[in-house]
Amino acid sequence: MRPGKGGTPGSSLHGDKGTAVTANIFEMNGISKTFPGVQALDKVDFACVPGEIHALVGENGAGKSTLMKVLAGAYRLDEGEIHVKGKQVSFSSPKDAQVNGISIIYQEFNLIPELNVAENIFLGREPLKMKGFVIDNEHLYQRSKELLASLEAGINPHEKVKNLSVAQQQMVEIAKALCLNADIIVMDEPSAVVSGKELESLFRIISSLKKSGKSIVYISHRIDEIFQIADRATVLKDGKLVGTVCPKEIEKSEIVRMMVGRSLGRTFPKKERGEKKEILSLKKVCRGKVLKDISLKVYTGEILGIAGLVGSGRTDLARVIFGADGFDSGEMLFEGKDVKWFNPKTAISDGIGFVTEDRKTEGFVGCLSVKENLTSLILPEISKWGWIDAAAQDETAEACVEQFNIVTAGLEQEIQYLSGGNQQKAILAKWISAGPKLIIMDEPTRGVDVGAKVEIYQIIRRMAKEGKAVIMISSELPEVIGMSDRIAVMHEGRLMREISGLDATEEQILMMATGQVKENGTDHVHESH
Amino acid sequence: MSMSLTKVREHRTIIIVYFILFVLVVISAFSSEIFLRPRNMANILRQAVGIGLVSIGQTLVVLTAGIDLSVGSVISLTSCLTAGLMMGRNSMFLPVTALVLAIGLAIGFMNAFLIIKTGISPLIVTLGTMSIIQGGALVYTNAAYGEAAPLLVSFAWGQLGAVPVPFLLLVGVGAAGIFVLKRTPFGRHIYALGGNEEIARRSGVKTDRVKVFTYMLCSLTAVLTGLFLAGRMGMGDPLIGAPYMLDSLVPVLVGGTLLSGGKGGLSGTFAGIFILTVLSNALNLMGVSGYWQWIVEGAIILGAVAFYEKR
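Sequences listed follow chains A and B, in order.
Position 337 of the first sequence, counted from 1, bears residue number 337 in our numbering, the numbering being contiguous throughout.
Position 146 of the second sequence, counted from 1, bears residue number 146 in our numbering, the numbering being contiguous throughout.
Please note: incorrect hints may appear among the correct ones.
To be verified - With a straight-line cut-off of 25 Å between C-alpha atoms, the simulated PhoX-like cross-links for lysine-lysine are:
hint	chain 1	residue 1	chain 2	residue 2
1	B	K206	A	K160
2	A	K437	A	K283
3	A	K465	A	K276
4	A	K284	A	K337
5	A	K95	B	K117
6	A	K160	B	K263
7	A	K131	B	K263
These aren't lab readings, by the way, just hints derived from the structure by calculation.
Owing to the predicted nature of the structure, the values given are computational and were not obtained by experimental measurement.
Work the whole structure out from these sequences, hints included.
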């Protein structure tokens, strides 16, 4: 059964109410949620009818997961109301939401690897016998077998979860949700972990759950899937509701436009380049399942942006170039030399820098001072006879702080107490002072406030102008477009196509990143000069 | 076929520890003719009781990804209080036993309470309570003191045919432990807690309650060891428990339970208990000094844990 009306793009859910044939199983009205510094949700409305597959779509950071965590009781809402089955509710824990028939299946599964399948399905709700002292194993395995059979999963309930494939674990999660008698099952980007045949069977199960009257909220940013299975789709952008639509009534590009379409600000520096010569060239580089036939050229004096969804292989590519991971086949030439770096150390001494995505665990040593972090890559240069020359260290660190405008209480301040933006500037300073020829930056502005972002953009552009080669990975499309001279788009481990940074649009990139434009690895578009 | 292969893989650790125990027994039997005599066998079984009881409790705690370093001091305190309050009177056997068991439960509750409420790691919390309880025992008496009730002494030294009576207690407690771990929700939640506390909580496991019961049971087994030792010595000793602080972990680790929790169990610990007692007995019979026993024991711990960590 289809819900009454999809509405045209831009119309809000309120338009639905008048014509709805079936009462909503749950309704979220005017939901707002703020985290320090971020308005994650801004007066969002969302609702589902029984027996509906409702897709929740938007870019990374649009607020999809936050909205569902509010529904599942994992986050408290700041403003708004939630009604489940006509009753107003206020969940203070995931357990409250479960009792009300809401189950959420996260990307990281809630399963205990060392316990077996049936034990996991019934964890915390074991069937009992003998006055509740002993687990009724017979019932436990029987019921688990039935649940798994209803999902046509073919999983042995005695198997330990750690021995299951990711797709099988997903089935166990669904069985767990069914075992909880959930009427509302939220799936957070299930297709991020399964694909191909497994995804097809997941869709089959979702459809059969729908037939049995369950409501499914399907979070995704893959347009194809939404058109394949969803009855309705609600689009979020920057924490705001864009609209609820019926995929069957509109074009794919319409949803893409709803997901992105925003204007670029004046935050990006002018695209000035430095001296251009080829520095790195990859030919048909493969690594396991994560990188497939990557051919790519990197030039000095320009910024190469790498776009793609999380898990598309962007970070894997960076790690291979940096020598943190090896590759199985293909060829990598750095300054014309055939290289297969064994570790990051040799890559660094050959002139490569890597600003990692997760600065807290990989970017700096939090409990060391600003100056110790700033000089950690150039210790040989500021040491004499194996002893660090304190004066030289202070001098170098001071120069960095000044040049990169790092706001700190002093050189002795522990770096963990700096703001995110200043930490990031310090990491950039650290790498730049090591004098790399090629620098790779993975999400350089993640968790950084707007002011620091602009400064970081200027630092990045300055590097390119000074003749360094820059590779910038980013999930933020405006950033990729605003900063890059060339943009390479990745999708499921493949390089889809290279486009010029001058006239790229978000829609164009998103189409490629979601696999809607056929791969065309050989047809590199070389930008005009 | 494939089913049985998975079974073998599943129980590989257990198969290996019991194989090590078997090899150890064979070697010991060949190196000393006294080893297999019934009297020596009974001796080994009796020696296993002291370390065995407390390491059963320790296994439960380690399975939750915790650790209880206070067990040694609980053993010492129990030994002093038991002998000091019984003073050789059978009439005091039941009341004093009840009292020390209650004290054990209280200490276990306190350990868990502090771990839950302060968020300090179990290692630090139980290190602190260990020091406090040990100090308490030394304040009560700073030297061997008191006299165990004759009933307790005859329990500790009693024989039922060839089998020492206290060994039956060890078997009983061990069997109860295995039943709890395998068949009760509490036991399953111990594994879940050690596997991933956050997921266990989100699945509706009352994690705090599981912790409280586990630490209470662990202290309780330490009290049982203390009672047994008081009966065997006939008097109390404020330092008798000190070695058990770490010794209680040895059978747990050798038996294949991971210090990170969630994996392992009591059947492994049982093998661990006997690997240690047989080793110590055999080296004694061969006239090897006690210091060498430490060296061998240390090597076994390192070897075993390195082996388990690899898989």
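Practice problem: Decide if the proposed pair is consistent with the structure: K465(A) and K276(A), CA atoms, cutoff 25 Å inclusive. | Solution: Satisfied, since the Cα-Cα distance of roughly 10 Å is no more than 25 Å.
Exercise. Please work out if K95(A) and K117(B) have their alpha carbons no farther apart than 25 Å.
Key: holds (22 Å)
Self-check item: Holds or violated: K206(B) to K160(A), with C-alpha atoms at most 25 Å apart
Solution: Between K206(B) and K160(A) the Cα gap is close to 22 Å, so the pair holds against 25 Å.
Self-check item: 25 Å Cα cutoff - pair K160(A), K263(B)
Solution: Holds, because 12 Å separates the two Cα atoms, which is no more than 25 Å.
Quiz item: Do the alpha carbons of K437(A) and K283(A) lie within 25 Å of each other, as the hint requires?
Solution: With a Cα-Cα distance of about 20 Å, the restraint between K437(A) and K283(A) holds, given a limit of 25 Å.
Quiz prompt | Hinted pair K131(A) and K263(B), Cα distance within 25 Å | solution = violated (28 Å)
Quiz prompt | Given hint K337(A) paired with K284(A) - CA-CA distance at most 25 Å | solution = Measuring from Cα to Cα gives roughly 16 Å; hence the hint holds.
Hint compliance for this structure: hint 7 is the single one not met.
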